[in-house]
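Sequences are here, hints too, so could you generate the full structure?
The working numbering puts the first residue of the sequence shown at 297, with every later residue one more than the last.
Think of the hints as simulated: they come from the structure by calculation, not from any bench. Some hints could be false.
[Stated by the list, open to error] Okay, derived cross-link-like pairs now, EDC-like style, lysine to aspartate or glutamate, Cα gap no bigger than 20 Å in a straight line:
1) LYS536 to ASP524
2) LYS536 to GLU522
3) LYS536 to ASP521
4) LYS536 to ASP475
5) LYS536 to ASP523
Note that this is a predicted model, so its numbers are computed, not measured.
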Amino acid sequence: MAPGDFVLDDRLAIATPEGVELELTLAGLGSRAIAGGVDLAVKGVLIGLLALALLATGILGLTLLVPVIVIVMLGYDVAFETLAQGRTPGKRMAGLRVVREGGGPVDVTSSAIRNVLRLVDGLPLSYAPTIVSIAVTPRNQRPGDLIAGTLVIRERLAATSVETPGPGPGPPSKEVGWDVSAVGADQMAMVRSFLARREGLRPDARARLSEQLAEALRPRVGGADEDDAEVFLELLDSEKARRSG
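Structure follows, in structure tokens:
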């Protein structure tokens with residue numbers, strides 16, 4: 297565990313280099329098993345459809361079927377985790393997401409490593425290494441997560457209704473003309489991660505995190521004149537997207 301990080305129950309607080317404290321809720325074995333079961337079922341359907349298509353061409357054999365299975369089992373997870381903000385269909389259904397240990401989005405390399413190792417640690421002993429690893433590691437990581445430097449987190453609170461701050465202005469579309477060139481990709485990943493999951497945060501955590509992010513990023517934004525932390529982050533995201541679009 298990195299200096300400045302700590303786990304309380306299933307919550308992980310991460311101190312970023314910018315001095316912002318991210319609070320993540322770690323996914324447990326049960327929710328990960330549900331997500332994995334859904335994804336396995338979807339993969340089975342995809343493999344079946346591909347097998348039928350290959351049978352129809354008359355070219356399906358064992359030498360071709362094995363690569364098809366491996367490609368689907370690996371490519372499915374890597375594609376969704378890197379293109380859908382860390383969410384496979386199963387993870388989306390279970391309210392989970394894969395992120396890097398620092399809280400940023402997972403990249404192709406990290407996703408490939410964790411999912412290649414899923415194939416390795418899952419086959420010989422019926423996922424025994426995965427179950428033991430999630431149970432005993434402080435961050436609920438399986439072997440693939442430990443090597444790839446990734447976490448699986450929960451995106452929303454279960455069942456309970458959380459009172460959130462009153463409705464804001466929504467994602468702003470106006471051009472504010474700020475100079476956002478000094479805000480890097482890692483900082484924007486944190487901003488977008490917060491904006492995407494803020495509705496599932498406790499009100500105090502939501503307010504604290506938005507203030508910490510805004511305080512850390514305001515010095516990097518030229519011409520910023522918005523005092524409200526969340527509105528500032530929304531405007532920053534909008535301006536960054538507009539300039540890179």
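| request: Mind listing which of the numbered hints don't hold for this structure, in increasing order? | output: none
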